[in-house]
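Listed here are the chains, written in short residue letters.
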Amino acid sequence: MTEPVYARKRIMGNLPDILQLLFTGLAVGSIYAIIAVGFTVIFSSTQVVNFAQGEFVMIGALVSYWLVGAEHGPHLPLLLALPLAVLTAMFVGSALGWVLMRPLKDASVTTLIIITVGASMLMHGIASMLWGKDPVSVTAFSKTSGYSLYLPAALTGPDAYPVYIGTQELWVMGLAALIVLLLTFFFNKTMVGKAMRAVSVNRHGARLIGINVSRMVVGAFALSAAIGAIAGAAIAPISMASYGMGTMLGLKGFAAAIVGGLGNFPGSVIAGLLLGIMENFSATYISSQYKDAFAFIILLVVLVISPNGIVALFRRRRARA
Amino acid sequence: MLRLTSVVTTYGRTTALHSVSLHVRPGEIVALVGANGAGKTTVLNTISGITPAAKGKVQYGEKDIARMSADRIVRLGISHVPEGRQLFAPLPVKDNLLLGSYTLRHAEKQAHQQEDLQRIYTMFPILKERSEQRAGTLSGGEQQMLAIGRALMARPTLLLLDEPSMGLAPKVMAEIFNAIAEFRNHGLTVLLVEQNARWALKIADRGYVLETGSIVLEGSAEELLENREVQRAYLGKGYREVWE
Numbered sequence: 001m002t003e004p005v006y007a008r009k010r011i012m013g014n015l016p017d018i019l020q021l022l023f024t025g026l027a028v029g030s031i032y033a034i035i036a037v038g039f040t041v042i043f044s045s046t047q048v049v050n051f052a053q054g055e056f057v058m059i060g061a062l063v064s065y066w067l068v069g070a071e072h073g074p075h076l077p078l079l080l081a082l083p084l085a086v087l088t089a090m091f092v093g094s095a096l097g098w099v100l101m102r103p104l105k106d107a108s109v110t111t112l113i114i115i116t117v118g119a120s121m122l123m124h125g126i127a128s129m130l131w132g133k134d135p136v137s138v139t140a141f142s143k144t145s146g147y148s149l150y151l152p153a154a155l156t157g158p159d160a161y162p163v164y165i166g167t168q169e170l171w172v173m174g175l176a177a178l179i180v181l182l183l184t185f186f187f188n189k190t191m192v193g194k195a196m197r198a199v200s201v202n203r204h205g206a207r208l209i210g211i212n213v214s215r216m217v218v219g220a221f222a223l224s225a226a227i228g229a230i231a232g233a234a235i236a237p238i239s240m241a242s243y244g245m246g247t248m249l250g251l252k253g254f255a256a257a258i259v260g261g262l263g264n265f266p267g268s269v270i271a272g273l274l275l276g277i278m279e280n281f282s283a284t285y286i287s288s289q290y291k292d293a294f295a296f297i298i299l300l301v302v303l304v305i306s307p308n309g310i311v312a313l314f315r316r317r318r319a320r321a
Numbered sequence: 001m002l003r004l005t006s007v008v009t010t011y012g013r014t015t016a017l018h019s020v021s022l023h024v025r026p027g028e029i030v031a032l033v034g035a036n037g038a039g040k041t042t043v044l045n046t047i048s049g050i051t052p053a054a055k056g057k058v059q060y061g062e063k064d065i066a067r068m069s070a071d072r073i074v075r076l077g078i079s080h081v082p083e084g085r086q087l088f089a090p091l092p093v094k095d096n097l098l099l100g101s102y103t104l105r106h107a108e109k110q111a112h113q114q115e116d117l118q119r120i121y122t123m124f125p126i127l128k129e130r131s132e133q134r135a136g137t138l139s140g141g142e143q144q145m146l147a148i149g150r151a152l153m154a155r156p157t158l159l160l161l162d163e164p165s166m167g168l169a170p171k172v173m174a175e176i177f178n179a180i181a182e183f184r185n186h187g188l189t190v191l192l193v194e195q196n197a198r199w200a201l202k203i204a205d206r207g208y209v210l211e212t213g214s215i216v217l218e219g220s221a222e223e224l225l226e227n228r229e230v231q232r233a234y235l236g237k238g239y240r241e242v243w244e
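Quick note, the sequences are listed as chains A and B, same order. If you count the first sequence from 1, position 23 lands on 23 in this note's numbering, and the numbers rise without skipping. If you count the second sequence from 1, position 207 lands on 207 in this note's numbering, and the numbers rise without skipping.
Calculated from the structure, these hints are not laboratory results. Source: prediction; values computed, not measured. Hints are supplied without guarantee of correctness; some may be wrong.
Stated by the list, open to error - No more than 30 Å apart at the CA atoms, straight line, and that leaves these computed lysine-lysine pairs for DSS-like:
1. B/K63 with B/K94
2. B/K128 with B/K63
3. B/K128 with A/K189
4. B/K171 with A/K189
5. B/K57 with B/K128
6. A/K105 with B/K202
7. A/K105 with B/K128
8. A/K105 with B/K171
9. A/K189 with B/K63
10. B/K202 with B/K171
Unchecked claim - Which bits of chain B does chain A cover? Going by a derived footprint, with three or more residues having C-beta under 8 Å, they are:
11. 118-129
12. 167-173
We put the CB at the ideal spot given by N, CA and C, even for glycine.
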């Protein structure tokens, strides 16, 4: 016979673990979310899935590493290095957008998508020559590395671990939230943002009212590269930075974008966060060796159940009720 | 004000326009009539820079606009109300209208945007009523009104209208054609493409008849309405003459 108090203690004894996983999962999820948003920005204005999205993340991470902490680098303060890293990525992003819109403007979407795969490999290769193949550790944004949060002993029992709240994780979440807020404002309240949406919903109509569509698309690439670079600079102190980091992050962000319903802005954010949390829990409770596989298992399951993403699933439910 | 000289437009290997020449004088309403596939829409797309001319000249005022990009042509004062309206369906009616003035300079926008918006709302009161609704939820007639309103927000001097009557009930059509006839009093010049030749020639000053990519007839609207060939082919009159 189990005493009820004991049962409660056993569940609550796991509370710090659960909160810990939730916290770190949310941080990783924020990164997936903003990468997914980057996919969304480009997809909705061009119908192109930009497989070089992950490389923008890598550029953000490695450039900010070089500017701040590298041995032979200029040792700039972070406040200066971050905007420079973002600008570098924006430059590369605009160049990619320009190539897709100008010399290749008559190519089919499939061709353009394959070109982004090629661009991704090119950036990958250049980065491995510039920075070498070894991962580098990157200085965190704040000096304090984190805080231990002790839950009340009444809840968890006397000898429970504290929950560790890392400051870099807080930075990641804060920046992600800021990006989502700014983008929402940009697309709903500013004329340029609305013009970008106009291009995405009806390109022909947009040309007719005098919007320069190719300039808008280059703008979308620059914006998406900036978002990716911020994600990269923010995650680098947690995950280390290397020339290859963009591939997996890009694919996970892509999975989140698909799960959220490609082109669906709030869907991407929610899916990114959920993906981060689920990945973290399954790595701990199921198997950490298959950590990377879980994102794609989730992707497959969602695609089978609801090919238009989870948000569409909820919408259908609500409509039926 | 607008003059096309021997314009040839091609889509890949197919030639859509064979040496089309026409002109529009300031303050006129000019109708361009013809059957399906005659190239009427291509004429408008060539003028507005969507499918630039392969050969020939498109002069607007003093400028040759044949190879100018679509957005610069809008800035010069030519607005195009396209076939199928091409609205921004998920955006509210009001945003569709405001995006119409996208090409205006900041100072111009400050000075005129609100006033223009109110003018369009007076012209088509239903748009004011539905200003917060998504454009995609409007009826066909309302969408046509919105497309015209959006084009007017760019403060054009020349308006290109492509099939404004398409798919509309006669009553709604009358409302839209009355509005177009009114544009003359606001100093607006109109080039109107229509399959419904009777309606178009009724409000037009002059007209052109386009057949398989070439102009086959031109004249004042009255002349064209009286012309037997036009009556037979486009106005559905005089079948008997053919059979007799």
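Structure-based check of each hint:
| no. | hint | verdict |
| --- | --- | --- |
| 1 | B/K63 with B/K94 | violated, 33 Å |
| 2 | B/K128 with B/K63 | violated, 37 Å |
| 3 | B/K128 with A/K189 | holds, 20 Å |
| 4 | B/K171 with A/K189 | violated, 37 Å |
| 5 | B/K57 with B/K128 | violated, 41 Å |
| 6 | A/K105 with B/K202 | violated, 42 Å |
| 7 | A/K105 with B/K128 | violated, 39 Å |
| 8 | A/K105 with B/K171 | violated, 43 Å |
| 9 | A/K189 with B/K63 | violated, 36 Å |
| 10 | B/K202 with B/K171 | holds, 16 Å |
| 11 | 118-129 | violated (count 0) |
| 12 | 167-173 | violated (count 0) |
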